[in-house]
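Peer 1: Next come the chains, spelled out residue by residue.
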Amino acid sequence: MMLIKIVEHIDLNEAYAHLHTPEAGAVNLFVGTVRNHSKGKEVMHLDFEAYETMALQQMQHVADAAQQKFPLCKLVMIHAVGAKEPGEPVVVVGVSSAHRDASFEACRFLIDELKKTVPIWKKEFYEDNSVWVNAHP
Amino acid sequence: MMLIKIVEHIDLNEAYAHLHTPEAGAVNLFVGTVRNHSKGKEVMHLDFEAYETMALQQMQHVADAAQQKFPLCKLVMIHAVGAKEPGEPVVVVGVSSAHRDASFEACRFLIDELKKTVPIWKKEFYEDNSVWVNAHP
Amino acid sequence: MEILLFGITREIVGKQKLPVPADQNITTVKALKTWLGQQYPAMQSLSSLLVAVDSEYAQDDDVLNGENEIALIPPVSGG
Amino acid sequence: MEILLFGITREIVGKQKLPVPADQNITTVKALKTWLGQQYPAMQSLSSLLVAVDSEYAQDDDVLNGENEIALIPPVSGG
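Protein chains in written order, with my numbering: chain A, 1464 to 1600; chain B, 1464 to 1600; chain C, 32 to 110; chain D, 32 to 110.
To be clear, the hints were calculated from the coordinates, so they are not data collected in a lab.
Check the hints yourself; a few may be wrong.
Straight-line distance between alpha carbons at most 25 Å, and here's what the computed DSS-like set of lysine-lysine pairs gives [what the hints assert, rightly or not]:
(1) B:K1537 - B:K1578
(2) B:K1502 - A:K1532
(3) B:K1468 - A:K1537
All of these numbers come straight from a predicted model, not from anything done at the bench.
Please model the complete structure; the sequences and the hints are all you need to start from.
Peer 2: Shown next, in the form of C-alpha cells:
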C-alpha cells in the first residue's frame, strides 16, 4: 500500500506505477525540485543529507497519519539524498484515491508534514559560499 | 509555456518533462483515471468523446485563467479520448511554480474548471448497459 | 444551417450533424432549443443543454446564422 | 554515550559522532543540550536543536542512556 524510501535519484515512473490501481479515480503527485535561485542568490548545486533510519521512521509516521485522515488507495513518499543540480527532483510524494478532494488534500498533507518532521538537511552552494537551509533564524 | 492537447494515450513523462524547469521548486500533477466502479456498478470499459476544436479552446481559457490567478512557471493539460480500460489515465493537468502553495491551488483549479467547461463526454459501459455520465438529473 | 452533435445528443438524433430546415426560420439560440425540444422530446430530459457558436458557449439571445459553427453541448463529463 | 551528528551540527563539531565523557554525568535530554551549548557555543545560535532517541523526537525530561541511539537534529530542510 505504501512505498516509502530514500534514494539517490527520484524516478517519477516508479512513483506513479505504485499509485496506479483500478480502484482509484484520482492521483495527485507533488515533486519538489531544486530551484536555481534562493533568497536572491544563484544556486550552483545542493547537497541533501539524511539521518536515514530516523527519516524513514518519520516518513512512516506521516504516511500513517495521512492514511488515518484521508480515504486513500495507495501512497508514496520518496526523498533523494546526495548532490543535486538545479532542476533535479529531490522529493516526490503522492497518493491515489477514489475522488480528487482526498488526493489533493492528502498529497498536500504529506509534503507539509515531511518538511516539518523528517530529518533531512539541505545545503545550498552559491558562487561564493554555502548555507545549511533553515539552520539559523 | 503551456502544453494543451487531446491525445489517444496519456504520457505522464511528457507532462512532467514539459513542467520541468530550473526556475521552479514545486511541481503538482493530477491524473484522473478510470475507476472500476461507478455508483456501485462494475465498469467494464469507458469511451471518451471530445468536440475537439472547442475542447482545446476551452482548455486554453482555463489555462489562461490559471496563469492570471497564480504565479506559474509552466502548465500542462492533456485529455485522452477513445476507449479506456479501468486503471488507465484519462486526463493529466499540472503546473510548476516557485513555491508549493501555487502549485497545489493552480492544479486543483485546472481540473475543477476543466470538468465544468470542457466539452468532453464519458460513456460508462457496465455488464448489462451503458450510460452517458451526468447526462440526466 | 447544420448543428454538430456529440455524446447523448448524437445518440438521440442518430447522426453526427443535424440539418435545420430553412423554413423553420430559426435565428436565435433560444429558438433552436425550443425547436429541438419539439423534434426530440428526449432532449428535454437532459440535465442541461447548451449551444456553442464557434467553440464558445452561447447565450439564449445570441443570433445564429449559417456562417458559424454551431454545436449542441449536453452535460460534459470529462476529466 | 555517543551522539550522532548531522548537517550543521556535524560541521560545528567537525565529526560524525560525538562521545560524551562519562564523568559529565549527563542523564537527560536537557542536560545534554546544556553541555553541548557550553562545549560548542555555535549550537546556541541555531533556530532549534532537537534530540532524537531511537529515531523518535525526545522531550527535555527524557532520560538518556548508552543503550539507545541518540542523535542531534538541527532544523530540518528536506522536501
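Peer 1: So, for every hint listed, does it hold in this structure?
Peer 2: Hints, one by one, checked against the model:
{"no.": "1", "hint": "B:K1537 - B:K1578", "verdict": "holds, 20 Å"}
{"no.": "2", "hint": "B:K1502 - A:K1532", "verdict": "holds, 23 Å"}
{"no.": "3", "hint": "B:K1468 - A:K1537", "verdict": "violated, 28 Å"}
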